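Throw the hints in and build the complete structure from the sequences for me.
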Amino acid sequence: MQQTNRLRPFFENLTFDRDDNHMVINFGPQHPSAHGQLRLILELDGEEVVKANPDIGYLHRGMEKMAENMIYNEFLPTTDRMDYIASSSNNYGFALAVEKLLGIEDKVPRRAKVIRTMLLELNRIISHQFWLATHALDVGAMSVFLYAFREREWGLDLIEDYCGARLTHSAIRIGGVPLDLPEGWTDNLAKYLDKVERAVKEDYEALLDENRIWKMRLENVGIIDKEMARSWAVSGIMLRGSGFEWDLRKEMPYELYEELDFDIPISDKMDSYGRYKLYMEEIRQSVRILRQLIPMYHESEPQLMANVPQYISPTKEEQMTQNYSLMQHFVLVTQGMRPPVGEVYVATESPKGELGFYINSQGEPYPYRLKIRAPSFFHTGILQDLLVGCQLADVVTIIGSTNIVFGEVDR
Amino acid sequence: MRPYRPKDNVQKKAYYNDRFYVTPQIPKDDPASDEVYSKDIEKLQSKFSISESYIQRGELVIYIDPDSNVEVLEFLKDELDYSFLMEMSAVDFLAQREGFEIFYELLSLSKRKRIRVKTFIKENQAIESVQHLFRSANFAEREMFDMFGIQVNNHPYLKRILMPDDWEGYPLRKTYPLQGDEFAQWYEVDKIFGKEARDIVGPEIRDSAHIDRYDTERFARLGHEVPRGTDISKDEPDTDNHEFQEEGGVFLIKDLNKPQKVLSEKERRER
Chain B
1 MQQTNRLRPF FENLTFDRDD NHMVINFGPQ HPSAHGQLRL ILELDGEEVV
51 KANPDIGYLH RGMEKMAENM IYNEFLPTTD RMDYIASSSN NYGFALAVEK
101 LLGIEDKVPR RAKVIRTMLL ELNRIISHQF WLATHALDVG AMSVFLYAFR
151 EREWGLDLIE DYCGARLTHS AIRIGGVPLD LPEGWTDNLA KYLDKVERAV
201 KEDYEALLDE NRIWKMRLEN VGIIDKEMAR SWAVSGIMLR GSGFEWDLRK
251 EMPYELYEEL DFDIPISDKM DSYGRYKLYM EEIRQSVRIL RQLIPMYHES
301 EPQLMANVPQ YISPTKEEQM TQNYSLMQHF VLVTQGMRPP VGEVYVATES
351 PKGELGFYIN SQGEPYPYRL KIRAPSFFHT GILQDLLVGC QLADVVTIIG
401 STNIVFGEVD R
Chain R
1 MRPYRPKDNV QKKAYYNDRF YVTPQIPKDD PASDEVYSKD IEKLQSKFSI
51 SESYIQRGEL VIYIDPDSNV EVLEFLKDEL DYSFLMEMSA VDFLAQREGF
101 EIFYELLSLS KRKRIRVKTF IKENQAIESV QHLFRSANFA EREMFDMFGI
151 QVNNHPYLKR ILMPDDWEGY PLRKTYPLQG DEFAQWYEVD KIFGKEARDI
201 VGPEIRDSAH IDRYDTERFA RLGHEVPRGT DISKDEPDTD NHEFQEEGGV
251 FLIKDLNKPQ KVLSEKERRE R
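Chains as they are written, first to last, in our numbering: chain B, 1 to 411; chain R, 1 to 271.
Hints were generated in silico from the structure; no laboratory data involved.
Every value quoted in this text rests on a predicted model; they were computed, and no experiment measured them.
Even glycine gets a Cβ: it sits at the ideal position worked out from N, Cα and C.
One should not assume that every hint holds.
Stated by the list, open to error - These stretches of chain R come out as covered by chain B in the derived footprint (C-beta under 8 angstroms, 3 or more residues): (1) 52-60; (2) 108-116; (3) 122-128; (4) 161-172; (5) 215-227.
Said to hold, decoys possible - In the SDA-like style, the derived pairs of lysine to any residue whose C-alpha atoms are separated by at most 25 angstroms in a straight line are: (6) R:12 x B:73; (7) R:12 x B:331; (8) R:43 x R:81; (9) B:250 x R:57; (10) R:118 x B:315; (11) R:174 x B:210; (12) R:174 x B:364; (13) B:107 x B:303.
As the list claims (entries may be wrong) - Estimated spans, in silico, between C-beta atoms of each pair: (14) R:213 x B:146: 45 to 55 angstroms; (15) R:36 x B:188: 39 to 49 angstroms; (16) R:36 x B:309: 34 to 44 angstroms; (17) R:217 x B:334: 47 to 57 angstroms; (18) B:165 x R:262: 50 to 60 angstroms; (19) B:164 x R:67: 49 to 59 angstroms; (20) B:161 x R:75: 44 to 54 angstroms.
Structure (structure tokens):
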């Protein structure tokens, strides 16, 4: 066990001086390619990884504990800090879980649903661009990083126009959305979509698809076969990259995905390159979804929050004109809503994979237990099987290709 | 008299409860009402003892015996095609029932259905690991052990995953306070400065909303500013209120605190 009274490097079950040819190296937690605070303890035979042991917890903030001490609405901004690359998808996952718990998911107004779906898809684009940028940077393609970050920044500008924040959006509330889209936003969105579509084809894919270095570093690297994918319960693109046709937006649709026309790309190559192609195709599909959503937005009624006075605060207009609405709002803000006794597990397809919220409610304004099923948590776990047998140089590209975000892994 | 606070659950409580409020329950449907679930539950019931089963919000929930968790999950995986273990963890019911409720969240791609397998264990009872069926349980069981202190038998590497290895206490238990216990407040102090420096450094303040009105290093004292680092623990200097307006006053605004000029008899006559 560790000496308790001095900061000293601590390696459990590890001996660095060994008689065989194996070498143990420590990767991270401060490593530019670790995509956050990942520490890997690698046992090497020459340059081949024999054993990999991911060590996480450097960003642990105890969100599940915090949730038990917060009313439901209070917790929503905390979910921003999980997958901070695409925070609206966390907000949405939590909001939908609480709505399912309350049984009000059908009462969310149409316009709120359109705006939510728009935000989700915009977040997906931004997240995939961020993934591409950092992954390409890990492999050594600096220019892709610059292009992808440029377009990502335009996407963040759109979100900033909507909710005022670039990264921690909190733009989705339990029961709807707080704000309507600003004037001219959909026009800007349409322009942005054209730019993204062009950039995917003429920048990212033109630079990378046939790039010799890119292909050599990605093809047949990080192969997740079907059994490994199943066993580790991987989700999202990692799962579709292994040949499973499974996307929660199609298979267990939520929000407006049932009405929308889009395809789920799958790849049976099972390697990093196949997953890269899926990311590019998913951006295209998100663009396609967003284009369909723009007319849907203009056809919808202006109501934004569900009208469920027991759980959701009344509109500002009602609060300011009707005494009883103001009282209801006061009680909901100070005491919080009291959902019925029961439990739900609600999963949504976040850009990283299946983001699930398990909520156990005992009828109190505070959740009795909230468990966040973060896709990246299991995508980090799979590294102990995935890295074995690959070269040390590939470790970085494999970590990049799993698209893990440590806010989500450690929560 | 000090108000009584229960020690078995130190999480935040609602400050007001209506005496006449009846908490509603989420309805529990009969598993026979769903055609996929009804077949599954029939097969399960023929092989294992299932104490309770119902559908809640569209998802089948079954309660099994803690000793049979591996067999039930193996059956679900191989025979009923619930082949993904998406999540597993525990819920602390130590105060109410002296134990933990463990849930396994399984997914079937072919049926497009989820099933929640639940079991109840006593406080010091161990559960058998399912990581040979689902590797995802490897990490999830470690997290459960880390957060609740539930022992998992036959786990290849059961050690803390999110908290430091030498941490004491189990953070997600209801008896564990949000800001951490006494061990937590000395942990980093001991690590960085050593145990002998405890008297000099003092315990770590883990309450993020903490305000120390005598600390002039880190807290501003609006309206009562003193130079940074001044020791004001003995007597607080009563500083003058600062004048924030311009010396000559602001255009069109009359400063009522300013002593007004008293006009002499001659000046008044001249007006």
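Tested hints:
1. 52-60: Held - the region 52-60 of chain R has 3 residues with a Cβ nearer than 8 angstroms to chain B, which meets the minimum of three.
2. 108-116: holds (count 4)
3. 122-128: violated (count 0)
4. 161-172: holds (count 8)
5. 215-227: With 0 residues in contact (Cβ-Cβ under 8 angstroms with chain B), the coverage given for the region 215-227 of chain R is violated.
6. R:12 x B:73: Given that 25 angstroms is the threshold and the Cα spacing comes to 15 angstroms, the pair holds.
7. R:12 x B:331: 17 angstroms, holds
8. R:43 x R:81: Roughly 12 angstroms between the alpha carbons, so the hint for residue 43 of chain R and residue 81 of chain R holds.
9. B:250 x R:57: 19 angstroms, holds
10. R:118 x B:315: 40 angstroms, violated
11. R:174 x B:210: Status violated; Cα separation ~55 angstroms.
12. R:174 x B:364: Given that 25 angstroms is the threshold and the Cα spacing comes to 14 angstroms, the pair holds.
13. B:107 x B:303: 11 angstroms, holds
14. R:213 x B:146: 45 to 55 angstroms: 50 angstroms Cβ-Cβ, so the 45 to 55 angstroms window holds.
15. R:36 x B:188: 39 to 49 angstroms: 45 angstroms, holds
16. R:36 x B:309: 34 to 44 angstroms: 36 angstroms, holds
17. R:217 x B:334: 47 to 57 angstroms: Violated, at about 34 angstroms.
18. B:165 x R:262: 50 to 60 angstroms: 57 angstroms, holds
19. B:164 x R:67: 49 to 59 angstroms: 54 angstroms, holds
20. B:161 x R:75: 44 to 54 angstroms: Holds, since residue 161 of chain B and residue 75 of chain R (Cβ atoms, about 53 angstroms apart) stay within the stated range.
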